[in-house]
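Position chain E against the provided structure of chain Y, taking the given hints into account.
Number of protein chains: 2
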Amino acid sequence: MKITAYTVDNIPMIKEGDDLAAIVTGSTEIEDGDIVAFASTIVSKAEGSRYLLSDITPSDKAFELAELNNEDPKFIQYVLNSSTKILMKHPLLVQTVWGNVCINAGIDRSNTETGYILLLPEDSDRSARELRDRIFEITGKKVAVIITDTNGRSFRNGQIGVTVGCAGIAGLIDKRGDVDLFGHTLKITIQAITDEVAACANMLMGESNEGTPVAIIRGFKYPVSDEGIRSTFRTDDEDIVKRALIEKLERDEKALLTDRAQTKKLTTND
Amino acid sequence: MKITAYTVDNIPMIKEGDDLAAIVTGSTEIEDGDIVAFASTIVSKAEGSRYLLSDITPSDKAFELAELNNEDPKFIQYVLNSSTKILMKHPLLVQTVWGNVCINAGIDRSNTETGYILLLPEDSDRSARELRDRIFEITGKKVAVIITDTNGRSFRNGQIGVTVGCAGIAGLIDKRGDVDLFGHTLKITIQAITDEVAACANMLMGESNEGTPVAIIRGFKYPVSDEGIRSTFRTDDEDIVKRALIEKLERDEKALLTDRAQTKKLTTND
Chain Y
-14 MKITAYTVDN
-4 IPMIKEGDDL
6 AAIVTGSTEI
16 EDGDIVAFAS
26 TIVSKAEGSR
36 YLLSDITPSD
46 KAFELAELNN
56 EDPKFIQYVL
66 NSSTKILMKH
76 PLLVQTVWGN
86 VCINAGIDRS
96 NTETGYILLL
106 PEDSDRSARE
116 LRDRIFEITG
126 KKVAVIITDT
136 NGRSFRNGQI
146 GVTVGCAGIA
156 GLIDKRGDVD
166 LFGHTLKITI
176 QAITDEVAAC
186 ANMLMGESNE
196 GTPVAIIRGF
206 KYPVSDEGIR
216 STFRTDDEDI
226 VKRALIEKLE
236 RDEKALLTDR
246 AQTKKLTTND
Chain E
-14 MKITAYTVDN
-4 IPMIKEGDDL
6 AAIVTGSTEI
16 EDGDIVAFAS
26 TIVSKAEGSR
36 YLLSDITPSD
46 KAFELAELNN
56 EDPKFIQYVL
66 NSSTKILMKH
76 PLLVQTVWGN
86 VCINAGIDRS
96 NTETGYILLL
106 PEDSDRSARE
116 LRDRIFEITG
126 KKVAVIITDT
136 NGRSFRNGQI
146 GVTVGCAGIA
156 GLIDKRGDVD
166 LFGHTLKITI
176 QAITDEVAAC
186 ANMLMGESNE
196 GTPVAIIRGF
206 KYPVSDEGIR
216 STFRTDDEDI
226 VKRALIEKLE
236 RDEKALLTDR
246 AQTKKLTTND
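Sequences listed follow chains Y and E, in order.
For what it's worth, this note's numbering labels the leading residue of the first sequence as -14, then goes sequentially.
For what it's worth, this note's numbering labels the leading residue of the second sequence as -14, then goes sequentially.
If we strip away everything but chain Y, and leave its shape as in the complex, we get:
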């Protein structure tokens, strides 16, 4: 298999209401079967998911977590509003309303104007479908679309590109039941194909000042599907790491409360 992959040049600063599909297809020739990868930041900007940091009132919880993380309580409040579960307090690892697990709910303060924050798209699979459909409308080409973000990993330093939303490409390829070169049935092999595509795209996009938030991957044979990325998120039941982190957090909290109670007692006894 051979692929080519490239970043699209001359993408302007994106603002609310911009037609991303038109901008991309105006800057490069799209072909049938291409995968078009958009950095989540520009999808958020086009969709107007940009908010004023000062437009929120932090809760006590936000103040506590802000102190722990040396962060602005208002920023943390946005993170809390975008989350359903806290898995780790420092760094602040959460499960988002969308369902993915990441630091600070994927909320971005870089790559936007001072005083503003960018939330992840509300429903990144829907955003991906809309972009895919709009690209078809403009060009008549059938593509897959992925929306990428960068995530840290357990056990390994550094961040890599992952998919937060997709359309026209399956999140996972299930190869269980396939046989290897020696005819053995593979025991477990589910390949997270769109995340590999996202890593490839992110490798080209870079992350800081490159200003290249769109990449095209051409020539890759992928399974077409509209299931979206959410099947890639582990459910609570099957996620031992999530469980271990939540248990640890509960234990640490309890220990902290006990400590505080004892300190209080000692102080009272003085």
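Hints should not be assumed to be uniformly reliable.
In silico DSS-like cross-links for lysine-lysine, where the CA-CA straight-line distance does not exceed 30 Å [unchecked claim]: (1) E/Lys70 with E/Lys59; (2) E/Lys239 with Y/Lys233; (3) Y/Lys(-13) with E/Lys127.
If you are wondering where the hints come from, they were derived from the structure by calculation, not from laboratory data.
Quick look at chain E alone, frame taken from chain Y:
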């Protein structure tokens, strides 16, 4: 940036002592700056890291874990011998002697003859350096080499390609201190560049019966370094997930022992 990436055709079945660099450079034209990605399986085979399953005597621990995982105790004993820490018993997640964290110490039973197992290369960074040097010797071309495996992830289903060893390319690009498009200093951005390259390579290689264990990535501008991949492995101190898993395991063991003691007591009291 534009890259091309392709799998090398006509790689024969690899056996101990094979000159992988000669095989690859005999099958495709290498250019300066290419990244040559080798699936760890063929590096292990060439290095003779293939062992007879029947050549080992399982310990009690291996029997216990084998039952839990519905596995062969001899296979589990190889996993234990390759590991320094157990992080999860089922699935059997370990820290390997090499330092990476993965299921079953990355030991492979697929893609090799029945009755044999393949360990990961003993020192994958060394293997990568040797391959890089040998490619230079044969072709006069300066390349980077990565050795890939596939790993599962926390929070997300499916496996992706990761780097277990590298030479001539930095594991991580540290962008802390860089500024974004708006001139803000980025807070945390360390890009795990070789892991992104590995994901891209693995996306092309596939995993089951494709028989394409070598990929070339061309045109990617990467930072040259000989530090190897081990700086990418989180140390115990900085790895909260590792700590949470070990604590969970210790707690579960303790609860199990208490349960057993109580059951024994009840039985004795009967």
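Hint check results:
For the hint pairing E/Lys70 with E/Lys59, the CA-to-CA distance comes to about 18 Å; that is within 30 Å, so the pair holds. With a CA separation close to 16 Å, the supplied pair E/Lys239 and Y/Lys233 stays within the 30 Å bound. With a CA separation close to 22 Å, the supplied pair Y/Lys(-13) and E/Lys127 stays within the 30 Å bound.
Violated hints for the displayed structure: none, as all numbered hints are satisfied.
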